[in-house]
Amino acid sequence: MSTAHTHAHAADHEAHDHHGPEKGWRRWLFATNHKDIGTMYLLFSLLMFFIGGAMALVIRAELFQPGLQLVDPGFFNTMTTVHALIMVFGAVMPATVGLANWMIPIQIGAPDMALPRMNNFSFWLLCAAFTLLLLSLFVAGGGPASGWTLYPPLVLQTGNALPLAIFAIHLAGASSIMGAINIIVTIMNMRAPGMSLLKMPVFVWTWLITAYLLIAVMPVFAGAVTMLLTDRFFGTTFFEAAGGGDPVMYQHIFWFFGHPEVYIMILPAFGIVSEIIPTFSRKPLFGYDAMVYATAAIAFLSFIVWAHHMFTVGMPLAGQLFFMLATMLIAVPTGVKVFNWTATMFKGSISFEPPMLFAIAFLFLFTIGGFSGLMLGVAPADFQYHDTYFVVAHFHYVLVPGAVFAIMAGVYYWLPKWTGHMYNMKLAKVHFWLSVIFVNLLFFPQHFLGLAGMPRRIPDYSTQFADWNMVSSIGAFGFGLSQLLFVYIIFATIRSGAKATDKVWDTAKPHGLEWTLSSPPPYHSFEVAPEVK
Amino acid sequence: MKSSPYMDADRKRAIRRTTLWLVLLALAFYVGFIVLTISRAN
Chain A
3 MSTAHTHAHA ADHEAHDHHG PEKGWRRWLF ATNHKDIGTM YLLFSLLMFF
53 IGGAMALVIR AELFQPGLQL VDPGFFNTMT TVHALIMVFG AVMPATVGLA
103 NWMIPIQIGA PDMALPRMNN FSFWLLCAAF TLLLLSLFVA GGGPASGWTL
153 YPPLVLQTGN ALPLAIFAIH LAGASSIMGA INIIVTIMNM RAPGMSLLKM
203 PVFVWTWLIT AYLLIAVMPV FAGAVTMLLT DRFFGTTFFE AAGGGDPVMY
253 QHIFWFFGHP EVYIMILPAF GIVSEIIPTF SRKPLFGYDA MVYATAAIAF
303 LSFIVWAHHM FTVGMPLAGQ LFFMLATMLI AVPTGVKVFN WTATMFKGSI
353 SFEPPMLFAI AFLFLFTIGG FSGLMLGVAP ADFQYHDTYF VVAHFHYVLV
403 PGAVFAIMAG VYYWLPKWTG HMYNMKLAKV HFWLSVIFVN LLFFPQHFLG
453 LAGMPRRIPD YSTQFADWNM VSSIGAFGFG LSQLLFVYII FATIRSGAKA
503 TDKVWDTAKP HGLEWTLSSP PPYHSFEVAP EVK
Chain B
11 MKSSPYMDAD RKRAIRRTTL WLVLLALAFY VGFIVLTISR AN
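Which chain is which? The protein sequence lines are A and B, in order.
The working numbering puts the first residue of the first sequence at 3, with every later residue one more than the last.
The working numbering puts the first residue of the second sequence at 11, with every later residue one more than the last.
Isolated chain B (complex conformation):
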């Protein structure tokens, strides 16, 4: 993959950015639903 002409700097940056956003999305759902459960407890 390293030498593939596909992997130019722009593409690498775009891949990093998309990955970061998706990780944050997953974390938001994980934490969000635990907070939701706590907030609904009596």
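Next up, chain A with everything else stripped away, as it sits in the complex:
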């Protein structure tokens, strides 16, 4: 019996060994393999970056000169709203989920994600969500136009696009929650023997904490938009003062979601940079434990700072002080991270391959976004900065040369592992320099505009703001066009290129289980659990 069982098991294994991807469209539609789903997430996010980016270019084209030139103000509002929703939920988040799908199983020594069918479902749900959101642009009365924050009472007075946008947010939220559950379940249950929590790669750690943030706050946003929906269509008055509701309550709920959402986008970026800097500094990460605890501290603090987004609604002095001081406190664990990355590079044998260039740019430019965040967190100063272009400059510094540069760094770091081909280093460096120059041209002048008093979310402005707006728009078009090079590099690398070795970065010092697999890795990543010492 035992022999038969062993034979059956062996045969099963043999069949398993020969099991590969399905052919044609079925491979993608019914994908359950973490690498296939990771690829689909990454390609989806790339598409969304270009759709959201095209909307940004409509905004910047309109703002190239004072006066109304290209679009009417209603459509301009739709562009600011949908650009933000697409970039947050359709581009940055799916890109980090794609990286998580690709890398977490192979970094923890697992064959796949723990819940592969749910993984497939959460990806296709995301596609449905964004199809719906994009279709909402074509309904009578125009697309959603109340800003991505969907504040009542304004949002309750907008057109027929609202229910479509809310349904899209529900679907995207459900997709994120399922993705987060899958990631936590995988990390908690599928690690290779010997890989204790404090031996996990920092990217895995940052995603574990991010996934908990997602599970805590996406349902809160879903609850808020559900209440908006019932206020609009079913006669409730959750957020209508006339019926006993409270519109400011919506802002509290929204930002209880919205602030951790910022960290949902940036913590995986921290993880990527923490993988890259040690490799190209040829040193272990300085202060691994401190990095992990700092990530957890940032996540905890992200839950108690939400009202710094709404100092100007009027709140008791004690409330202002609390939220201001809690916001200042976030600088401490963030500072730990920045200093640890710097200490990792200190006296390291540094080389400047494209992933490292993007990681170093991240370090400098994310810190600019962090500092302007501190300025905005000072309550009395925020009364001056609130709703100006200074805020726009701040969060774009955090999200573009912050999160997006880290994602690009991650793609350049792991692309040879995924495809088995090296990319053209020279072209990638050209892409880096074009991106870093134009991103600063695009966003740095917005600090000056904001400090001079230019309000955000307007299609027209006083002539005193003309010069810096023109510079910013030139930067926007330069940055947008530079990204075509990124797409070319990715697809050229998928099709051809010099063969990548298993270790890929042979002259550097890559660490972790992913470099023990072939490039590209086998269909089922680890058939036999690796032993981690």
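Hints were generated in silico from the structure; no laboratory data involved.
This one's a predicted model, so the numbers in the text were calculated from it and none came from an experiment.
There could be a bad hint or two in this list.
Stated by the list, open to error - Calculated lysine-lysine pairs in the DSSO-like style (CA-CA distance at most 30 Å, straight line):
#, chain 1, residue 1, chain 2, residue 2
1, A, K349, A, K535
2, A, K511, A, K431
3, B, K22, A, K535
4, A, K431, A, K535
5, B, K22, A, K511
6, A, K501, B, K22
7, A, K201, A, K535
Stated by the list, open to error - Short, incomplete list of chain B residues facing chain A, as computed with Cβ under 7 Å:
#, residue
8, I25
9, T28
10, T29
11, W31
12, L32
13, A36
14, F43
15, I44
Just so you know, even glycine gets a beta-carbon here, dropped at the ideal spot from N, CA and C.
Assemble chain B onto chain A, guided by the hints.
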């Protein structure tokens, strides 16, 4: 995945248990914040 030596009965049970707890956590936040809003209405 079915034939993977990773997926023994213990691991499957652990995966089910973790998943259930996380779904309950998400539901608690969803319902909790709607109840909170109702309780603060005048």
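Consistency of the hints with the structure:
no.: 1; hint: A:K349 to A:K535; in the structure: 27 Å, holds
no.: 2; hint: A:K511 to A:K431; in the structure: 20 Å, holds
no.: 3; hint: B:K22 to A:K535; in the structure: 25 Å, holds
no.: 4; hint: A:K431 to A:K535; in the structure: 37 Å, violated
no.: 5; hint: B:K22 to A:K511; in the structure: 36 Å, violated
no.: 6; hint: A:K501 to B:K22; in the structure: 38 Å, violated
no.: 7; hint: A:K201 to A:K535; in the structure: 9 Å, holds
no.: 8; hint: I25; in the structure: 5 Å, holds
no.: 9; hint: T28; in the structure: 5 Å, holds
no.: 10; hint: T29; in the structure: 5 Å, holds
no.: 11; hint: W31; in the structure: 9 Å, violated
no.: 12; hint: L32; in the structure: 5 Å, holds
no.: 13; hint: A36; in the structure: 5 Å, holds
no.: 14; hint: F43; in the structure: 4 Å, holds
no.: 15; hint: I44; in the structure: 5 Å, holds
Of the numbered hints stated above, those contradicted by the structure are hints 4, 5, 6, 11, listed in ascending order.
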